[in-house]
Amino acid sequence: MSDWDSADMMNVAAARELKNGDVCLVGVGPPNLAANLARRTHAPNCRLVYESGAIDAKPRRLPLSIGDDDLAATAIAVVSVPEMFNFWVGAGRIDVGFLGAAQIDRFGNINTTVIGSHADPTTRLPGAGGAPEIAAAAGRVIVIVKQSPRTFVEQLDFITSVGYGPTGRERRTRSAPDRTTEPTDAEPTGAGPMGAGPTGVGATGAGPTGAGPMSAGRTAVGSTGAGPMGAGPTAAGAMGAGRTGAGSMGAGPTGAGAMGAGPTLVITDFGVLEPDPGTNELTMTRLHQGVTVEDARKATGWDLKVAESIEEVPPPTATELAALRSLRNRETADA
Amino acid sequence: MSDWDSADMMNVAAARELKNGDVCLVGVGPPNLAANLARRTHAPNCRLVYESGAIDAKPRRLPLSIGDDDLAATAIAVVSVPEMFNFWVGAGRIDVGFLGAAQIDRFGNINTTVIGSHADPTTRLPGAGGAPEIAAAAGRVIVIVKQSPRTFVEQLDFITSVGYGPTGRERRTRSAPDRTTEPTDAEPTGAGPMGAGPTGVGATGAGPTGAGPMSAGRTAVGSTGAGPMGAGPTAAGAMGAGRTGAGSMGAGPTGAGAMGAGPTLVITDFGVLEPDPGTNELTMTRLHQGVTVEDARKATGWDLKVAESIEEVPPPTATELAALRSLRNRETADA
Amino acid sequence: MTVPLADAIAEHVHDGDTVALEGFTHLIPFAAAHEIARQGRRQLTLVRMTPDLVYDQLIGLGVADQLVFSYGGNPGVGSLHRLRDAVENHWPHRLAIHEHSHAGLANAYSAGAARLPFAVLRGYRGTDLEEQRDIISRVTCPFTGEELAAVRAVNPDVTVIHAQLADRDGNVMLWGITGVQREAVLAAKRAIVTVEEVVDEFPEHTGAVILPNWVLAAVCVVSNGAWPSYAAGYSVRDNDFYLEWDKISRDREAFLEWAAANGLPPQKENSHV
Amino acid sequence: MTVPLADAIAEHVHDGDTVALEGFTHLIPFAAAHEIARQGRRQLTLVRMTPDLVYDQLIGLGVADQLVFSYGGNPGVGSLHRLRDAVENHWPHRLAIHEHSHAGLANAYSAGAARLPFAVLRGYRGTDLEEQRDIISRVTCPFTGEELAAVRAVNPDVTVIHAQLADRDGNVMLWGITGVQREAVLAAKRAIVTVEEVVDEFPEHTGAVILPNWVLAAVCVVSNGAWPSYAAGYSVRDNDFYLEWDKISRDREAFLEWAAANGLPPQKENSHV
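Protein chains in written order, with this note's numbering: chain A, 1 to 335; chain B, 1 to 335; chain C, 1 to 273; chain D, 1 to 273.
Some hints could be false.
[What the hints assert, rightly or not] DSS-like mimics (lysine-lysine), calculated; alpha carbons at most 30 Å apart, straight line: (1) Lys146/A / Lys305/A; (2) Lys247/D / Lys146/B; (3) Lys298/A / Lys58/A; (4) Lys146/B / Lys305/B; (5) Lys247/C / Lys146/A; (6) Lys146/A / Lys58/A.
[Unchecked claim] Computed spacing ranges between beta-carbons, pair by pair: (7) Arg150/B / Gly16/C: 53 to 63 Å; (8) Arg330/A / Thr332/B: 46 to 56 Å; (9) Val236/C / Ala322/B: 50 to 60 Å; (10) His14/D / Arg60/A: 40 to 50 Å; (11) Thr319/B / Val236/C: 50 to 60 Å; (12) Asn224/D / Gln39/C: 51 to 61 Å; (13) Thr123/A / Asn239/C: 21 to 31 Å; (14) Val236/C / Pro203/D: 17 to 27 Å; (15) Thr74/A / Gly16/C: 41 to 51 Å; (16) Ser148/B / Val198/D: 53 to 63 Å; (17) Gln39/C / Pro203/D: 36 to 46 Å; (18) Lys305/A / Gly145/D: 23 to 33 Å; (19) Phe241/D / Asn239/C: 56 to 66 Å; (20) Gly145/D / Thr332/B: 44 to 54 Å.
[Stated by the list, open to error] Derived coverage of chain C by chain D (criterion: at least 3 residues anywhere in the stretch with Cβ under 8 Å from a Cβ of chain D; other residues may be distant): (21) 118 to 128; (22) 201 to 207.
I should point out that these hints are in silico values taken from the structure, not numbers from a laboratory. Backbone N, C-alpha and C fix where the C-beta goes; we use that ideal spot for every residue, glycine too.
Build the full structure now, drawing on both the sequences and the hints.
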């Protein structure tokens, strides 16, 4: 056996998906570890945003909660929680949102609320937190979750956060304000050993695995008949590249309120699942070293779809493992 | 002739209406002078709020604009303009709002927008600014305006801010959050030579000249069937004394959106008008020294209602005049 | 200008009140929460984005009938066992749950602070949280026809927060992660603030929130009043206690022993249920 | 990280754009406004709570076709004569007016910053401003049935502000009276900031607003770029110029002389009218 386990592999695989300049909404647990790992390895200028209000935090040690003082002390700005959700998360200013899941279904919908009924649950889970709006509004969503039949279920007990919707066809994307400056350093994007992966085409694009054909490059702007106040919400802020792509269902004010491309990646202890470009059904596209398709199937509560050509996820490098251990030991970056 | 003029008298009369502890929304012009005069004479702990965002400003000299740095530098807190209007003005946290007027009608409705039609005006006035929401939400409104037939009109060209409404019966008051602490110093309220005047009964009450019978003392609180979240907007914050009084039309969520008692006082260069307790028609109740009822009638564009027993406004005291001159000369309080 | 904490709680927190104790990881008003329990308050509706240990304790003590929240975990550790025991097993009694997302509850406080009956946000769409129609609904934009989420305003009877500083006039200053405290205070009918200390003049702190004395019902000096949470500049988070709580709270007996050792009386009866 | 102002205006401000120059008395971006005029931009829709001298000048120069505002006076002095001349006499050409109250326009920016199509406020009721149905409407609270005002979101193509500081990475800090600048920047598709100077590290300032570089299109160093407005800590308001402007702006000829002396070309034609 190697000197890493499946939890390490999950964190490393997630970290590799972050690129320099990405604005990343970081929650407690594995996302926190993955995002800080990215900052210590290939993406030092990945911008960490914590829902506690810290924008562009540069924690010196791995924070133990999303409210550590180190986050506020090292952030460029600290804003109130309402402002964080209205002006930053809800407005679509997050490139990458990480989510966990107690249950996930084949269309990337997530339950973190209850097992059993809401009124009288057998297991009360923590609840929604920031997840529903991150799931809706982040440019792309990466789910980190261990794969098991109890977690990968045919039917959720409760929909806390929407992936592609109950039938995979409910997600509609909207325009979102993209940053107007490019990443501040010259390091090439996707500098990790895998590159940014298939979901990471362009700094702000949702990538080819999104819900349909993506419009590329600069989206048309200009007032589209919305009166004197500018272009109105349908075109608001549609300046940057990529994320404006409407998906096969079309965009517009009657859409389902989602802005981003949805859960473009589910990273598990067995490998990586991505939505099928046509149906949005989560499809196993990559496996970790030593894992078989059969293992993955057994760990899935539905008849798992597997890509025709499945890749192996490169194992953690020595650099990645060292950084991971340093973070877990709460060493400072300089130590 | 005395050593003061009608403009001095207006400012002094307005200043006298402010009491220690009053939270006063101050605009440019006469209100600015009146509020700072009150602070330098009988109401040193009158709390000045400027719509630029300065809360509890203590300007050392008379500010020339509502955005002077002295306001920000001496304020307890400076907030954004959206916050000022949502959390402070709109929420009903202002005890006294001052308004000016280009036109005012017999029910205290105000025009500061246009003379002529809105599309093609003969005179374009500055517009609304903070006035519509101050008129609606301040605990009581004091209008300072020179009396003339061009200004005191039968029919407004445009309704910018609502007093008691077109027929005097449209105003409905709502609960508002009162401060929960008393004024911080022990000086008696109404320490000026006239006391606080008839509208100033109690630190937060709208006074007997309001729109109807006022509930006195502590308003009933507790959840009134609004579900688990507290009492809901109809009873929200109805803790302090007085302002909760519903007026003759009753309060409640279907009201016209107004929170305060409306223009309880109109101070002119001729004297003081107050709304009739029954009809809300502005009624001349006090005259400045040397002014006759006939003078006031001639300066009014409608058949002016006059109180049966009319009082004379005491002329400015030497102290008031000295403070006024000091302010106009932009001397600091200590000078 | 300050009063003893016990007096502030006695005067302003009543049985049956809707009470919000806010503080997002940072500045959680634990001392005030314990005083509420110590004085035997009951049938409270507790509101808080992240119940955290502070509500796990109050719920275990039987102080609450209802909980309004958006994320109920022990951050970085795991479950809130007392909260789970109340919901799953009705121990010590039934706890009614009203739950939001963070975005929803933050906006509900903001609407409360503005004395608006509801707030609009782009959220909740497609989630089962929307089934709580009494607190989550929809509105249609009158300009574009877009349908958006609406949340009912939250207006607590009492909001309690912990802050770093008060000045001699009773104005309050907090900084660091300030969460939703300003909105929660302004949404409340009465607000109580515990502070680390009283100073003559506030220092400069980017990101600080300042609350004027006239929106506060009481200011109380309670040094280290946020423990095991923290006050930036005064203390650090006691992460060990957060871990230890996982053990204490897992077991009803261990929890009751902890309560007894800390002078916190359990409320056994619940006349409402 | 900074660029010359002329380059920023050339790249980001186009004929026909909706442009917001914000700053509430304090930090008004006059230098950027003059650069917009100098480069001959036209047919702009100008958005600003308080048009102030800065828009009086642009309107007199014929740069604007439309104005969105909430209070159009020369603060403490009197009228904005160029604005009045445009509205009353269509000089130099017709100016379409869309007007709000301060509360309405502040909320319209806030909605824009949140990428919501509208904002809810308790305002406007009973006023004739409500007749502008394309920007002011009503919504009904789904919980209480109360009818409230709604304003259409404002999303400028470009927002321009002046601030005290940028750091070496192009993050921006402003303090003092910060008005609606944060909301106006976040509501825009592109934001340009002129700053007094660039520093290695931001100082502590209670009430400061900080904007990260990734929400800004360009940062330009323009010392005293707010004159005759001011930048707290750097300059004081030139109240004499505000008085002087009353004389300059009263008379078309005096205004055109002022424009010529300052290298600001009038836009004579307006192809839209």
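A quick look at each hint next to the structure:
no. : hint                            : verdict
1   : Lys146/A / Lys305/A             : holds, 17 Å
2   : Lys247/D / Lys146/B             : holds, 25 Å
3   : Lys298/A / Lys58/A              : violated, 40 Å
4   : Lys146/B / Lys305/B             : holds, 17 Å
5   : Lys247/C / Lys146/A             : holds, 25 Å
6   : Lys146/A / Lys58/A              : holds, 28 Å
7   : Arg150/B / Gly16/C: 53 to 63 Å  : holds, 58 Å
8   : Arg330/A / Thr332/B: 46 to 56 Å : holds, 54 Å
9   : Val236/C / Ala322/B: 50 to 60 Å : holds, 56 Å
10  : His14/D / Arg60/A: 40 to 50 Å   : holds, 44 Å
11  : Thr319/B / Val236/C: 50 to 60 Å : holds, 55 Å
12  : Asn224/D / Gln39/C: 51 to 61 Å  : holds, 59 Å
13  : Thr123/A / Asn239/C: 21 to 31 Å : holds, 26 Å
14  : Val236/C / Pro203/D: 17 to 27 Å : holds, 25 Å
15  : Thr74/A / Gly16/C: 41 to 51 Å   : holds, 43 Å
16  : Ser148/B / Val198/D: 53 to 63 Å : holds, 54 Å
17  : Gln39/C / Pro203/D: 36 to 46 Å  : holds, 44 Å
18  : Lys305/A / Gly145/D: 23 to 33 Å : violated, 48 Å
19  : Phe241/D / Asn239/C: 56 to 66 Å : holds, 57 Å
20  : Gly145/D / Thr332/B: 44 to 54 Å : holds, 53 Å
21  : 118 to 128                      : holds (count 5)
22  : 201 to 207                      : holds (count 6)
The structure does not agree with the numbered hints 3 and 18 stated previously, though it agrees with the rest.
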